[in-house]
Each structure stands twice: as structure tokens, then as C-alpha cells.
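Chemist: Sequence order for the protein chains is A and B.
According to the working numbering, the first sequence holds residues 179 to 452 in order.
According to the working numbering, the second sequence holds residues 29 to 448 in order.
Just so you know, the hints here were simulated from the structure itself, not pulled from any lab data.
Careful, some of the hints might be misleading.
[Unchecked claim] Restricting the straight-line Cα-Cα distance to at most 25 angstroms, the calculated cross-link-like pairs of lysine-lysine (DSS-like) are:
{"no.": "1", "chain 1": "B", "residue 1": "339", "chain 2": "B", "residue 2": "358"}
{"no.": "2", "chain 1": "A", "residue 1": "341", "chain 2": "B", "residue 2": "297"}
{"no.": "3", "chain 1": "A", "residue 1": "343", "chain 2": "B", "residue 2": "259"}
{"no.": "4", "chain 1": "A", "residue 1": "424", "chain 2": "B", "residue 2": "201"}
{"no.": "5", "chain 1": "B", "residue 1": "286", "chain 2": "A", "residue 2": "272"}
{"no.": "6", "chain 1": "B", "residue 1": "201", "chain 2": "A", "residue 2": "214"}
{"no.": "7", "chain 1": "A", "residue 1": "424", "chain 2": "B", "residue 2": "358"}
{"no.": "8", "chain 1": "B", "residue 1": "358", "chain 2": "A", "residue 2": "214"}
[To be verified] Quick partial rundown of chain B residues pointing at chain A, CB under 7 angstroms, derived from the structure:
{"no.": "9", "residue": "320"}
{"no.": "10", "residue": "321"}
{"no.": "11", "residue": "336"}
{"no.": "12", "residue": "339"}
[What the hints assert, rightly or not] Over 12 angstroms on every C-beta distance to chain B, these chain A residues come out as not near it, computed from the model:
{"no.": "13", "residue": "205"}
{"no.": "14", "residue": "221"}
{"no.": "15", "residue": "249"}
{"no.": "16", "residue": "271"}
{"no.": "17", "residue": "285"}
{"no.": "18", "residue": "349"}
{"no.": "19", "residue": "378"}
{"no.": "20", "residue": "383"}
Yeah, the Cβ is synthetic: ideal placement off N, Cα and C, and Gly gets one too.
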Amino acid sequence: MPVMEAQSVVLLRAALALYSFGLVHALYSVIKQRHKIFLPALYAFGAGVAAHFVSMVMLGTAQARCPVQTLQQMSSMTAFSITVVFLAAYWRFKYESLAVFVFPIVFVLTLVGSLGDSPLAVDRSLNRWWLSVHVVLFLFGYAALFLTFVAGVMYIIQERELKSKRPRAFYYRLPPLGKLDEIGYQALAVGFVLVTLGLIAASVWAFAEWGANWIVDPTIALAFLTWAIYLAMVFSRLTIGWRGRKGAYFSIAGFGCAALTWVINSGMHSFMNR
Amino acid sequence: MSVLVFGLSHKTAPIEVRERFAFPGEQACVVAQDLTRQSALNEAMVLSTCNRVEFLVHGEQCDPRDEILAYLREALATTPAQAEESFYSYADRGAIRHLFRVASSLDSMVVGEPQILGQVKDAYQRAKDTGTIFGPLDQLVSSAFRVARRVRNETGIGETAISISYVAVELAKKIFGEMEGLSVLLIGAGEMAENAALHLQSGGVSKFYVMNRTHERAASLADRFNGSAVKFDRLLELLQHVDIVIASTGAPRYILSKETARGVIASRKNKPIFLVDIAVPRDIDPEINALDNMFVYDIDDLEQVAEANLKHRRHEAEIAERIIDDEVEKMLGRFRAQEVSPTIVSLNRRLEAIRQGELERFRNKLSGLTHEQEEAVEALTRGMMNKVAHHPIVEMKRSAADPKESDSIDRIRRTFGLDN
Chain A
179 MPVMEAQSVV LLRAALALYS FGLVHALYSV IKQRHKIFLP ALYAFGAGVA
229 AHFVSMVMLG TAQARCPVQT LQQMSSMTAF SITVVFLAAY WRFKYESLAV
279 FVFPIVFVLT LVGSLGDSPL AVDRSLNRWW LSVHVVLFLF GYAALFLTFV
329 AGVMYIIQER ELKSKRPRAF YYRLPPLGKL DEIGYQALAV GFVLVTLGLI
379 AASVWAFAEW GANWIVDPTI ALAFLTWAIY LAMVFSRLTI GWRGRKGAYF
429 SIAGFGCAAL TWVINSGMHS FMNR
Chain B
29 MSVLVFGLSH KTAPIEVRER FAFPGEQACV VAQDLTRQSA LNEAMVLSTC
79 NRVEFLVHGE QCDPRDEILA YLREALATTP AQAEESFYSY ADRGAIRHLF
129 RVASSLDSMV VGEPQILGQV KDAYQRAKDT GTIFGPLDQL VSSAFRVARR
179 VRNETGIGET AISISYVAVE LAKKIFGEME GLSVLLIGAG EMAENAALHL
229 QSGGVSKFYV MNRTHERAAS LADRFNGSAV KFDRLLELLQ HVDIVIASTG
279 APRYILSKET ARGVIASRKN KPIFLVDIAV PRDIDPEINA LDNMFVYDID
329 DLEQVAEANL KHRRHEAEIA ERIIDDEVEK MLGRFRAQEV SPTIVSLNRR
379 LEAIRQGELE RFRNKLSGLT HEQEEAVEAL TRGMMNKVAH HPIVEMKRSA
429 ADPKESDSID RIRRTFGLDN
């Protein structure tokens with residue numbers, strides 16, 4: 179393996195270590211309810227995401243293409259985008275408990291990404307910057323929608339606490355319902371815009387390259403279905419005010435679909451390998 | 029050095045006794061000044077709140093309890109012996125721990141209540157202004173503030189509500205997140221409703237509507253909160269946009285049924301609403317709680333949350349006690365470290381005095397020595413004294429760092445007769 183790629187793996191593992199430290203520390207500070215000691219965790223996440231970024235730039239430079247070509251690279255980029263989204267949300271809302279729900283998945287994805295690379299796809303077409311843009315837009319969009327999902331899960335837990343009228347551990351540790359709703363909705367808005375842009379970018383390019391026969395590809399159909407679910411979510415929210423528990427269940431369903439799309443597509447679209 | 033806390037509190041004395049010993053405001057300073065002037069005490073601070081009267085004093089090896097009692101007897105003219113039995117005293121380690129616990133609100137009647145720290149700060153400021161606190165006691169009380177801050181930061185002791193009307197505010201915060209911009213509808217303008225409204229107002233709510241059977245009462249309460257008095261027939265209309273409802277009417281049956289509530293939440297486009305029912309019999313159908321985005325709490329529910337919070341607080345108090353243990357040891361360590369260097373100085377001085385005395389005694393017999401020999405005698409005696417001093421000094425430095433050896437410095441002072 180060339181030097182630069184080896185170095186990028188080392189950096190990625192450093193990011194992984196920082197994320198793990200941050201996760202453990204965040205867990206501790208949330209369980210013990212010590213808001214003041216969350217700061218080290220936050221620094222660890224910040225340093226981790228910086229190392230992660232440099233690692234991806236190095237890999238991208240070494241291979242002269244955007245590092246979203248293999249499953250490992252996709253995992254790594256997804257973990258990076260989720261972390262960025264989390265930091266933005268934390269900066270805005272200041273709820274530590276988000277970290278506890280977000281970072282286990284970041285950890286797993288970064289771990290997969292740092293396991294070393296499978297051979298590059300032979301297909302040259304993904305080298306086009308269009309396609310990279312489409313993939314990156316999707317990943318950041320999905321990361322934001324992942325946050326909507328996390329907020330939805332937290333909402334359901336906190337709502338159950340409030341409805342039961344017997345406050346237990348979660349009542350004291352999770353953010354208020356109103357804030358969870360706000361986080362979920364804002365993340366939904368951002369995620370929806372990014373995914374829509376990603377879809378447009380992909381469609382324009384695919385039409386130019388292949389004409390219309392790619393539309394029947396099942397993975398593409400799934401991506402459109404995911405998008406349609408989120409469209410319905412945004413729409414129902416704006417019209418009849420679907421929010422709260424129903425909205426939260428909606429966000430979980432939507433995310434399930436998005437996750438499936440991600441898993442299927444982090445290989446490659448099937449039509450490309452034809 | 030010795031620090032002593034002497035006093036009584038809600039734990040040892042009923043209000044009838046406590047009120048007799050209370051020294052409000054400036055009086056506390058006068059007492060502290062008198063005590064430092066009349067007795068062997070170096071420093072004194074008097075903390076007098078409605079739940080406790082405590083004398084925090086510092087002096088060199090003395091037991092000021094009797095002196096303080098004698099002073100109180102004279103100053104207050106009436107102190108039955110039975111009241112004197114309610115006094116407790118803590119010395120040194122115990123005194124430090126007690127002060128830390130008081131400042132951190134662990135010794136309060138309502139554990140975790142925030143006022144006590146401010147009261148200690150006031151007492152400290154006054155004592156500082158009148159000059160009755162300046163040395164180790166000053167250091168100790170300042171540390172108590174730091175410890176109280178640490179307890180507050182590192183435990184959730186003061187975070188949860190334990191009074192019913194405050195529980196309603198806490199729940200509202202858990203539902204809405206922010207209180208600013210929320211609006212409240214009071215149905216029934218009784219004392220409980222007023223109390224809850226007061227808490228909501230201090231929580232940040234600014235918009236109030238009041239409904240009541242007698243309109244005058246509604247109007248007067250509305251005035252108090254800068255709100256508006258409204259008639260009952262506007263209930264449904266208001267339910268469409270207020271965020272919190274506090275119901276406390278004397279109505280014999282539900283004024284809000286589940287069917288009506290279903291319509292309300294639909295017309296609100298599912299915007300959450302918090303319904304607090306403090307009426308008995310109840311005003312709001314508890315079944316409404318099963319509807320999405322509607323949260324109904326009756327008086328028992330609030331009580332239940334308060335109880336859970338109290339349990340949570342007790343758990344946090346245990347953590348706080350561990351922090352206090354840790355801080356007490358640190359404080360003792362600092363005090364010991366401060367005693368080490370003066371003790372070393374006086375030990376060296378003592379040994380040097382002995383050496384000079386002995387040299388003086390043998391002056392005549394040593395008169396025939398040459399200059400070199402004289403220097404040798406000088407070096408010899410000095411070396412001996414340094415060797416004698418070496419181990420005690422090492423021992424003092426070591427014991428200063430070890431909380432278990434608190435009396436080691438005292439022992440050395442006694443052994444070498446440094447205090448005579």
C-alpha cells in the first residue's frame with residue numbers, strides 16, 4: 179500500500195480512538211448527569227472529526243478520486259457526515275444525550291472504514307465529480323435524517339416517561355419533548371433538501387449517460403421510495419401538523435428505508451456493473 | 029489551631045427555641061465582634077437563618093463553648109438550660125465537614141434548596157466587613173463556597189422540583205423545552221392556581237388568561253399577572269391556542285371531556301398542550317392523557333413526580349457526601365501544610381538556641397583553640413543539630429500529605445517543646 183494511503187488508515191484509527199473515548203465519556207456524563215464534564219467528550223469528537231477529515235483527504239489525493247468507492251470508504255464517509263451533523267446539532271441545541279445515541283453507530287461505521295480497503299471498483303465512471311457530488315450529498319442528507327431518527331427515538335422514550343407520570347432514569351436525562359421535536363424537524367428539513375439535491379444530481383447525470391433505462395433498477399427505486407417517505411413527512415407536518423409520537427414513528431420508518439438504501443448502494447448500483 | 033462550630037438547627041431545636049437565638053442581619057456582626065473581643069477567640073462568624081443559628085469560631089487551643097453560652101445567657105437574658113441542650117458542636121474535621129455540608133445544602137430542611145448558600149455568603153461578607161474573619165476561618169469559608177459550587181455542578185441535587193406547584197413548572201419545561209412565549213389559562217382563580225401561576229411566571233411564562241365564576245376575582249388575579257380576565261364561554265376558543273391550562277374550579281363534574289379534547293387537539297394541529305388539574309373533584313377527564321400531544325396531570329400525579337424527584341435528590345445527596353469527604357481531607361491537608369513551615373522555622377530556631385547556649389557554657393574551656401579548631405567546633409555542632417532536625421522535618425512534610433496522620437505535627441511540637 180502506498181505511503182499516503184497507509185497514513186490515512188493510521189489517521190482514521192486515531193479518529194476511531196477519539197470517537198471511542200468521546201463516546202465513553204459522553205455515556206459517563208449522561209448517566210451520571212454531570213453536564214459540566216461533557217467538554218472532554220466534545221473535544222474528543224472535534225479532534226476525531228478533524229483527523230477523520232484529513233484522513234479522507236489523504237486517501238482521496240492518493241487515489242485521485244473522492245473516497246466513496248468501496249464499502250469501507252462509504253462507511254468512513256458516512257461516519258464523518260454523521261459526526262459533522264451531530265456537532266452542528268450540539269452547537270445549536272447543547273444536548274449531550276444526543277451523543278449517546280449517535281456515536282455507537284459512528285463508532286461501528288468508522289471501525290468498518292478502518293478495517294482496510296477492498297480493491298477499487300474497476301468502473302471508471304464513478305470517477306466523475308458529478309457522481310461524487312451525488313454520493314456526498316446523499317450521505318450528508320442521510321446523516322441529517324439519521325439525526326431525525328435519533329430525535330424520534332428519544333421523543334418516544336421521553337413521551338412515554340411523561341405519559342406514565344412516573345419519572346425514571348430517562349426523564350431526567352433526555353431533552354424536553356419540544357426540543358426533540360425541533361431537532362427532528364430541523365434535521366428533517368436539512369436532510370430532505372440534501373437528498374433532493376442528490377437525487378437531482380444523480381438523475382441529470384444518469385439521463386445523460388444512460389438514457390432512461392436505469393429508472394427500473396430496484397436500488398434506484400428504493401432511493402426514490404425513501405425520498406417519497408420524507409416528502410410525505412414534510413408535507414404532513416406542514417399541513418395537518420403531524421408531529422409528536424406519530425411523527426417520531428414516521429421518522430423511524432423513513433430511516434429504516436434510508437438505511438436499506440444505503441446498505442444496497444454502498445456497493446455500487448447494479449446497472450453500473452453490467 | 030482549632031476550628032469549632034457551635035449552634036442549633038431545625039434538626040435539634042424546634043422553632044420556639046431557634047427564634048430565641050436568632051440574630052438577624054447586623055446583630056450577627058455585633059455578636060461576632062463581642063465574641064472575638066471578650067474571649068480568646070481569634071475569629072468568629074455567626075450564621076443566623078430561620079433554620080439554624082451557628083457560631084463558627086477559630087482560636088488557639090481553647091474550648092469556647094462555655095464562653096459562647098455564657099455570652100448568650102448574658103446577651104439574651106433568657107436561656108433555659110433545656111434550650112442549651114439543643115446545641116451541638118463540631119471541632120476541626122467535624123467542623124469543616126459541617127460547614128461544607130451546610131453551604132452545599134445537605135443539612136437543609138429541604139435538601140438541595142438553593143437559598144442557604146446565599147445566606148452563608150451574606151454572613152461571610154458581613155463578618156469580613158467587620159473584620160471578625162480574616163485568617164484560617166476566612167480560608168475555610170471561601171473553600172466552603174467552592175465546595176458548594178462543586179456539589180452543584182457535579183450532582184443533580186438542586187435540579188429537580190419537589191414542591192407540587194414547582195413540579196408543574198418542571199413538567200412544562202420537559203414538555204415544551206422553553207417557557208418563554210408560552211401562554212397559560214387559569215380556570216378557577218383559587219390560591220393554588222395563583223401559586224402555580226406565580227411559579228410559571230418566574231419560569232418565564234408571560235401570557236396569562238384567567239377564568240373564574242366571579243369575574244371580579246378573575247380580573248384582580250389577571251391584573252397581578254398582567255393577563256386578561258375572560259368569560260367561560262371562550263373556553264373552547266382559548267383551548268385552541270394556549271399551551272398550559274391550570275384547572276381548579278369547584279365544578280362537580282369534568283369541564284373538559286375526552287370528546288371535546290379530541291376536537292381541541294385536532295384544531296390545534298397537534299400542538300402539544302399541558303393540562304394541570306389541581307381541582308378535587310377533578311375538572312379534566314384523566315382519559316385525555318391517552319390522546320397524543322395532550323398531557324394531563326392531576327394532583328396525585330404531581331405528588332408522584334415530586335416523590336420521584338425527592339428520591340432522585342436523595343441519591344444525588346449521597347454523591348454529594350462523597351464530594352464533601354474528599355474536600356474535607358483536602359482542606360485539612362492545606363491547613364496542615366500551612367502549619368509545617370512555621371513549625372520547621374521554630375524547630376530550627378529552638379535547636380540553634382540550644383547550640384548557642386551550650387557553646388556559651390563551654391566558652392572558657394574552649395578558649396585555647398586555634399581559629400581552625402574553632403571553625404571545626406562550629407561545623408561539628410551545627411552538623412549535629414541539622415542531623416537531629418532532619419527526621420522530624422521529613423516526618424512533618426510526609427504527614428502533611430497524609431490525612432491519616434493529622435496529629436503528627438502536634439506531637440513534634442510537644443516533643444521539642446516548641447509551644448512553650
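Chemist: It remains to establish, for every hint, whether it holds in the given structure.
Modeler: So, going through the hints one by one against the coordinates:
1. B/339 <-> B/358: Violated, at roughly 29 angstroms.
2. A/341 <-> B/297: It holds: about 20 angstroms lies between the C-alpha atoms, which stays within 25 angstroms.
3. A/343 <-> B/259: Violated - the C-alpha atoms of residue 259 of chain B and residue 343 of chain A are around 31 angstroms apart, more than 25 angstroms.
4. A/424 <-> B/201: Satisfied, since the Cα-Cα distance of roughly 21 angstroms is no more than 25 angstroms.
5. B/286 <-> A/272: violated (37 angstroms)
6. B/201 <-> A/214: holds (20 angstroms)
7. A/424 <-> B/358: violated (54 angstroms)
8. B/358 <-> A/214: With Cα atoms ~22 angstroms apart, residue 358 of chain B and residue 214 of chain A stay inside 25 angstroms; holds.
9. 320: holds (5 angstroms)
10. 321: Holds - the Cβ of residue 321 of chain B comes within 7 angstroms of chain A, reaching about 5 angstroms at its closest.
11. 336: With a minimum Cβ separation of about 5 angstroms from chain A (threshold 7 angstroms), the hint on residue 336 of chain B holds.
12. 339: Status violated, d = 10 angstroms.
13. 205: The claim holds: residue 205 of chain A sits with its nearest Cβ about 16 angstroms from chain B, beyond 12 angstroms.
14. 221: holds (18 angstroms)
15. 249: holds (39 angstroms)
16. 271: The claim is violated: residue 271 of chain A sits with its nearest Cβ about 9 angstroms from chain B, within 12 angstroms.
17. 285: holds (27 angstroms)
18. 349: violated (7 angstroms)
19. 378: Check passes; 31 angstroms lies beyond 12 angstroms.
20. 383: holds (40 angstroms)
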